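Peer 1: Sequence:
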Amino acid sequence: MNEPLLIALLSGVCLSFLLAPLGCYLLWQRMAFLGDTLSHSAILGIALSVLFHFPFYHLGTIVYLVGFVLLFDQFTSKKSLSNDTALSLLSYGGMSFGLVILHLCGQDNTLKHILFGDLLSMDYQSLSWLAILAIVVNIYLGIFHKQLILYILDSELAQQSGLNVKQIRLLFLLTSAIVIAVAIHWVGALIAPALLIIPCTAVFTTTASPKETIKKALLFAFFSFPIGVLGSFYLSLPIGPVIVCAFIMILITKWLLRKTPIFRH
Numbered sequence: 257m258n259e260p261l262l263i264a265l266l267s268g269v270c271l272s273f274l275l276a277p278l279g280c281y282l283l284w285q286r287m288a289f290l291g292d293t294l295s296h297s298a299i300l301g302i303a304l305s306v307l308f309h310f311p312f313y314h315l316g317t318i319v320y321l322v323g324f325v326l327l328f329d330q331f332t333s334k335k336s337l338s339n340d341t342a343l344s345l346l347s348y349g350g351m352s353f354g355l356v357i358l359h360l361c362g363q364d365n366t367l368k369h370i371l372f373g374d375l376l377s378m379d380y381q382s383l384s385w386l387a388i389l390a391i392v393v394n395i396y397l398g399i400f401h402k403q404l405i406l407y408i409l410d411s412e413l414a415q416q417s418g419l420n421v422k423q424i425r426l427l428f429l430l431t432s433a434i435v436i437a438v439a440i441h442w443v444g445a446l447i448a449p450a451l452l453i454i455p456c457t458a459v460f461t462t463t464a465s466p467k468e469t470i471k472k473a474l475l476f477a478f479f480s481f482p483i484g485v486l487g488s489f490y491l492s493l494p495i496g497p498v499i500v501c502a503f504i505m506i507l508i509t510k511w512l513l514r515k516t517p518i519f520r521h
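Using the working numbering, you'd call the opening residue of the sequence shown number 257 and step up by one each time.
Derived from the structure by calculation, the hints contain no laboratory data.
Using C-beta positions, here's what the derived DEER-type ranges look like: (1) 420 x 361: 38 to 44 Å; (2) 326 x 515: 43 to 49 Å; (3) 409 x 361: 44 to 50 Å.
As a list, the in silico PhoX-like pairs of lysine-lysine whose alpha-carbon atoms are at most 25 Å apart: (4) 515 x 472; (5) 472 x 402; (6) 402 x 422; (7) 510 x 467; (8) 467 x 422; (9) 515 x 471; (10) 471 x 402; (11) 510 x 471; (12) 467 x 402; (13) 510 x 472.
A quick note: this is a predicted structure, and the numbers were derived from the prediction, not measured.
Backbone N, C-alpha and C define an ideal beta-carbon position, used for all residues, glycine too.
Required output: the full structure, derived from the provided sequences and hints.
Peer 2: Put into structure tokens, the structure is as follows:
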């Protein structure tokens, strides 16, 4: 098998493990827009890394997004701004300032890579780091699963039961920031939020348990990702958008089958 294609397929497994479970927790908190906000604002982090000649701009993006979520947490914890308002301001502001700085730095040509990524350019070393991050994030989610679910269901009850709600929220936001910063480096700022949210949206039902939903979201991502990667490779189309198209088409097919009487049982 072609080596770049094999690496892209393996990276799809890692990205599925990385994004699908995290997306479930975001949807349960009704914070689906956080993925878009972090991805769009990351453009400013990339632009600042370019402006100040940071050697590894994806590390600069991580540093920027960590600062971003600390600022977001400060805004929303004091109730000075609602979640949606703060996310909108930070998202559009970060993206706009980032695009202006990139233009002033003469980096317009890098914009396509920033927005859509290039999964087929990944090497084995990058794949290894991606796999390690996926393992670490899933260990974190496994350890704090009960605390996160209790916080999502009722933050006041969680606090009364002795949980440090502020710490749980901040740690989750920081984890989301790091995951998004890494994901956009390979699939782009416009594609990463879609891969974060679509798997959980596709399998979400009110009767399923949280763990069951996460398992189904992972299966959906595992099945959809290779279709997008193979379609992009053999049709010579941009990989990020094709993966999202595959996700959406499978999601629509699933919904249509659910509406068909013969497949209801």
